[in-house]
Amino acid sequence: MQNSISNPKKDLAYKLLGVLLIILFWQLLSMRYLSVLVPSPAETLSAMKQLLLSGEITRNLRVSFERQFTGLLLGVMIGTATGLLAGLKRSLELMMNPLVKCLMTIPAVIFVVMAMVWFGMGSVMAVFVVALLVFPIMHINVVEGFKSIDSNYLQMARVYRVPLKIRFQKIYLPGVMHSFLAGISLAVASSIRLTIMAELLGAREGMGQKIAISRSYLQTDHLFAWVLVLIFIVFALDWLFIRPVNRLANRWKVPD
Amino acid sequence: MAENPADDLTLEIKPWQKGDQLLAMITSNEVNMSATPITNAFMLYNKGIDIQLVNVAVWGMLYVLSPEDSVQSVADLKGKQVSVTGQGGIHDLVFRHLLIQNGVDPDKDLEIIYLDLPEASAKLATGELKYAVLNEPNSSMATLNARKGGVELKRVLDLQEEWQKVTGQEKARIPQAGFVVLNSEQLGKNAVAKFQERFSAAAEWVNNNPAEAGPIVEKHFEWMKAPAVEQSLQYARLNPEWAADCQEEIEAFFTELSKTAPPEALGGKLPDAEFYFQP
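Which chain is which? The protein sequence lines are A and B, in order. Mapped onto my numbering, the consecutive letters of the first sequence carry residue numbers 21 to 276. Mapped onto my numbering, the consecutive letters of the second sequence carry residue numbers 45 to 323.
So here's chain A without its partners, still in its complex pose (with noise of 0.2 Å):
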């Protein structure tokens, strides 16, 4: 709460109010240039609800969905692990500290590039790339975490020989939750943008192939239309997923 007269409600608005006015730029851009070009917002609309009424979308969102899940699962589960035993051991952080930052650094573009070149098209590659990119995600975070343990506690655990499960418990887990959770919102996002991303160079369904194929028949409309599905999703796990994990959070966070 950095505003201390901040008004939910007329925060909303305000929201609205940007909501529209790029809905209204919008408009005025797709009168001045043909719809191959700039589709206007009810072309777009008309195109999403042909795709709503033929399947397309539900049939895809699903096989994105599923990619997009596994990935997130793998790439969380690998990193969380990763990320405990670095927080533990120094020199296995270290270690592990240059294949994190080469994940982080090379565009993300080029794994899917060659993840396509050893898996071939399709699910296998999409959950590679989304389990390899968001696995340093986690790491780290994960790492950060114990990095903000109050290093009173860790001395006296040490001084009073506590057993590793105890200090688990009570020590760590507390102690990492925070970035944990902050990881996984982070997480959660850049896997629904590399789902899209490796389906649209290298997939025979989901809603990145289909982007693709708007994109070389021309159909912009389509192409328009996908992409308003996207914000539409990114919006609604925003709401029911990644806002309630960061409240959850900044439960965990020790004060300072």
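Derived by calculation from the structure, the hints in this document are not laboratory data. Glycine residues also receive a C-beta, built at the ideal position from the N, C-alpha and C atoms. Keep in mind that the hints are not guaranteed to be accurate.
Label pairs and their computed distance ranges (CB to CB) [as the list claims (entries may be wrong)]:
| hint | chain 1 | residue 1 | chain 2 | residue 2 | range |
| --- | --- | --- | --- | --- | --- |
| 1 | A | Ile-43 | B | Lys-192 | 54 to 60 Å |
| 2 | B | Glu-308 | A | Asn-270 | 28 to 34 Å |
| 3 | B | Gly-312 | A | Pro-61 | 18 to 24 Å |
| 4 | B | Ser-117 | A | Phe-45 | 54 to 60 Å |
| 5 | A | Lys-29 | B | Pro-162 | 53 to 59 Å |
| 6 | A | Lys-121 | B | Glu-262 | 47 to 53 Å |
| 7 | B | Val-75 | A | Lys-121 | 41 to 47 Å |
| 8 | B | Asn-253 | A | Phe-139 | 40 to 46 Å |
Put chain B on the given structure of chain A with help from the hints.
Then chain B, alone, in the frame of chain A:
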């Protein structure tokens, strides 16, 4: 393409890879003319772009390549894995049409995988892939690349011949790619006529002198190696004709193709007569 510095028709070549790159070049007025697959020209025209087809430059240059001799007809591909370049593009549409007309279900009776040229070429060379639908000069590039690895690729099926069998028309051709003119009013009929004249002459020269043509092509498009270009010209059916003269043939071909192809692959419908540039 042969250059003639004495000619007053100056030409600048700009390569494009994807349909929307061409669209970007068109809307930003970057080019006056473009080489493009006919299907792409249909799409652009049907989306309201001021574009006309000037000529059909190459006809039916699609082949199934394989190191094996066992495939002699389209139906022999049943149960095989075949790679195709460009999902939903003209190669895919023609290949699927031929499969369906030969009683082969493209989604059930065989496995189609979509690979671009470098991937298909690499997999053919290692023997990992046995069948690939490729156009010229890609098929020649793949052949030469595979030879390095000791694999000898053959053009086991000529899709234009298969098309003739399916339609029962001995002389049927696949109008594959040609040149379009954008905002033809702006460029003027004379310039287009001059282009067509020079292009036809150059095509004839290239067909007669493939060995000399190779290095010239490589100079402009470095990924098309001279030996591949030379081999390719035997199979490319480079034979430019005014589009207006083959309107019927083009329409007949795409009417047949749209029996199996989704309408959106052609931009919704066959274009009207305005589409064909009148010299």
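Results of checking the hints against the structure:
1. Ile-43/A x Lys-192/B: 54 to 60 Å: 56 Å, holds
2. Glu-308/B x Asn-270/A: 28 to 34 Å: Taking Cβ atoms as reference, Glu-308/B and Asn-270/A lie about 48 Å apart, which means the hint is violated.
3. Gly-312/B x Pro-61/A: 18 to 24 Å: 21 Å, holds
4. Ser-117/B x Phe-45/A: 54 to 60 Å: 57 Å, holds
5. Lys-29/A x Pro-162/B: 53 to 59 Å: Once the Cβ atoms are compared, 57 Å apart, the range 53 to 59 Å for Pro-162/B and Lys-29/A holds.
6. Lys-121/A x Glu-262/B: 47 to 53 Å: With a Cβ separation near 40 Å, Lys-121/A and Glu-262/B fall outside 47 to 53 Å, so the hint is violated.
7. Val-75/B x Lys-121/A: 41 to 47 Å: 43 Å Cβ-Cβ, so the 41 to 47 Å window holds.
8. Asn-253/B x Phe-139/A: 40 to 46 Å: 44 Å, holds
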